[in-house]
Amino acid sequence: MSARIGIVTFPGSLDDRDAARAVRLGGAEPVALWHDDAMLRSVDAVFLPGGFSYGDYLRCGAIARFSEVMGLVRDAAGRGMPVLGVCNGFQVLCESHLLPGALVRNAHLRYRNRPARLRVETAATAWTNAYASGAEVVFPAKHGEGRYVADEATLDRLEANGQVVFRYLDNPNGAMRDIAGVSNEAGNVVGLMPHPEHAVEALTGPSTDGLGVVASITAYLNEGAAR
Amino acid sequence: MTRQMLDTVGVAEATPDEKQPYAELGLAEDEYARIRQILGRRPTQSELAMYSIMWSEHCSYKSSRVHLRQFGEKNPKTPRLLAGIGENAGVVAIDEHLAVTFKVESHNHPSFVEPKQGAATGVGGIIRDIIAMGARPIAVMDSLRFGELSHPDTARVLPGVVEGVGHYGNCVGLPNIGGETFFDPCYQGNPLVNALSVGVLPRERLQSMQASGVGNVVILLGAKTGRDGIGGVSVLASATFSDEDDSDSRPSVQVGDPFTEKLLIEACLELFDSGLVEGIQDLGGAGLTCALSETAAAGDGGMHVDLERVPLRATGMEPHDILASESQERMLAIVAPANVEQVLARARRWGLLATAIGEVTDSGRLVIDYHGQAVVDVPPASLADEGPVYHRPIAEPNDLGLIAVDRAETLPRPSTDEEIRRTVLDMAASPNLCDKSWITEQYDSSVFGNTVLGTPHDAGMVRLDERTGVGIAIALDGNGRYARLDPYTGSQLALAEAYRNVAVTGATPIAVTDCLNFGSPEDPHVMWQFERAVTGIADGCQKLGIPVTGGNVSFYNQTGSEAIHPTPVIGVLGVIDDVSRRIPLGLGQSGDTIALIGTTGEELSGSEWAWATHRHLGGVPPKVDLDHEMKLAELLARLAGNEQLAAAHDLSEGGLAQALVEAICNAGTGANILLPEGADPFTYLFSESTGRVLIVIPRGQELAVRSACEQRGLPITPLGVVDANTDGLHLRDHFDIPRAELEAAWKGRIAAQLGE
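Note that the protein sequences, when read in sequence, are chains R and G. Just so you know, we're using the numbering used here here: the first sequence kicks off at 1 and counts up by one. Just so you know, we're using the numbering used here here: the second sequence kicks off at 1 and counts up by one.
Mixed in with the good hints there might be a few duds.
Stated by the list, open to error - Straight-line distance between alpha carbons at most 20 Å, and here's what the computed SDA-like set of lysine to any residue pairs gives:
| # | chain 1 | residue 1 | chain 2 | residue 2 |
| --- | --- | --- | --- | --- |
| 1 | G | Lys62 | G | Lys436 |
| 2 | G | Lys436 | R | Arg110 |
| 3 | G | Lys224 | G | Leu312 |
| 4 | G | Lys436 | R | Leu109 |
| 5 | G | Lys436 | G | Gly147 |
| 6 | G | Lys747 | R | Gly55 |
| 7 | G | Lys224 | R | Gly55 |
No wet-lab data here; the hints were simulated from the structure. As the structure is a prediction and not an experimental result, all values here were calculated from the model.
Kindly generate the complete structure, drawing on both the sequences and the hints.
In structure tokens:
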């Protein structure tokens, strides 16, 4: 059976359809999850897509954190369920304290949409095991508030633990230490600003590198099932 | 402050001689007299506000209507047209299942007063027009015109407008797939912000704005109603800016909330798919006034509304304020009584307000009560359809003859290779030709995952159906300089360019939308320009066999007596059976052949070269040949379908030189070019002769492409080869420009000018 990947739609989620397409093209089964329903529909993993959840009023991701579904996602992540947050989804994961650090206004103060060259810093996560560590990928980056910040001690710890998952090769937003994506200590929760789900078809994306994310989660879940 | 007595219908009948501020509201004396005649009494305050809004230029098209009739009269008949002019947006069939709706609209005046919100709400407004047809909006585009790039006020207006277009489109989740940005001093006090949206719908989901079915319930969906935009229509959009002060008009610009708009889109689509609404209308300019009178007039003719039920976000609003408010993100739905509970529940699920405010009647009257007292009792058609129609005086400008003989072809030209080389670089760095990515990078272009071509390609292309690969292409083009020289030809040049830009991607043009930006209709010279431009578009579309499906007129784009160049902006929609066969902008592979289709004459009047290097505008614009354009489009669609082209690029402002610069910089490679024997290098590089396309032919297809051109009588000239080793522009026997030097000139100009 193919892996069931839950894709959460908050009011203001925008890239949820794209996430579903990417999951489908990668050979897994997308399952729609609604922000206000306290159920995870037996999914094997959760994908928090991009957008402007609840209008991103107050602070990006700050309101989504309190939604019904995020309570369940937080518990499930604690038990080891893989969770991926892209763009606004990354912001939601940071606001939910599932990931360390925060995402603030781009250093140049504008929304910018540009293909981002990234280095996959670690293949030791649920969402990156299909890549070679050190591999270069291209995903579109499009955000106004994607500058990753954390205190020095946290950054040092992330580096030491191998929790920096993606790093910009041409930093588009002033992120500290060129960080584009991080994971939790266990490696099951990953967040990144650039959009792997927009790099799944040569026709519409700058690359098809994003399919590796779906391949990774599928392999991770299959391996778990085999154990 | 004492509270004024409510001006009810009863009060109006009892006080027939009360003085009313009709002139301040923009109504002429004879218009006021006609209102009294229609009602058989003086209007109430609320009625006066409604007539002043609905009879304003913006809503009634009173100056343009007699000319716009031409579109209806000359439009070619096509079975594709499912809804046309007069609807919220035109709808055209794509195949037996799908239809597409698209429209371009202006938001010029608000964008000058408050650039970010003015532009943002322009995008929001056009998106609601698309929803109102039953469609899911799938993309936006923007056509922007500013004053001089170096003018201090441009540094205020441009970043704000771009932020507004970007913020709204990005947050509502629509890819921006293209557009244009131009600079000219004539737009200094009157920037143009034209926004286009396109949506897709299953053909059977087409909606109407009719309020039919006696007893059906009128439901207001979306945002609360506030004081924003009150008087926006009559004060802002229908009066010329004075030079002195704009402080009074500032509160009239609306503030947008794209988050609520996103919820409106999703909620409305659910309602349509569940068959829960009988009619739907967006609230845009003129707010409830327009939506109530148009839906009532289009349906059974009667409606009763209890105005105090409208949810408000401001205190102390009078009935006429509520009726005139232009608060954004609102829709009006007509719902059968049995479905009301379901509609309210769906709206709740999306966190949207939904309120029953009235019902459809058979009284033939639009009656609006406020706390049980009638404040409006009018025949709705008198507001919506029977506004004044002007036959404004028309006069050919006196300077036309002088302008025509002041030809750019007589200007001093660069002659040595070094001078021409310098001109290529200077032109690439000029505000109108330079790279616009500082602007377009602020727009999401990929959300939905269906954008096949976006900026900087000649047209935007979106996939509609992943299974079949069917898609659409849209281009948005205008050229105010050409239209200033000759509005008839100028409007056809814009039409021909948008048509060609669609064709260059391999799509087949099928329909047109237009945004007509002009000065004051009270100036007979402006009215002459308008009449000529409309005639040019109508004649052109008739010839090309594609109908005008809708659009918008924006008058009063002038400061004092100085009008903008007449600026018709044309959007052309095309269809392509399989988006994987699209032709991109670029240069293909090293070794591919570069060729030019079309004929290059000595046509420099109105050109970018004349403007950028001599600040000259005079002479006669390039000739248009629509027969040629049709053959060219048919050829390109054929070559795309056969996968016989690696790339193609329309030649427009800046001519062949600029087309090569853009192809090289975007492809990141080089072109080895040999001009045809006997060609004058300057003319060949910078002439703006129309109907020309730069094509890149993959190896092995040269003969097939040449013979396809010859069969159609289209001249084709080989120019050279793609050459990665050149890595730049090599013009054999003349000069070389390395790609790094081209890019240094072409990129970064806007950021540098804005101080970044």
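Next on the checklist: To test your reading of the hints: which numbers does this structure violate?
Outcome noted: Checked against the structure, the hints that fail are numbers 1 and 6, while the rest are satisfied.
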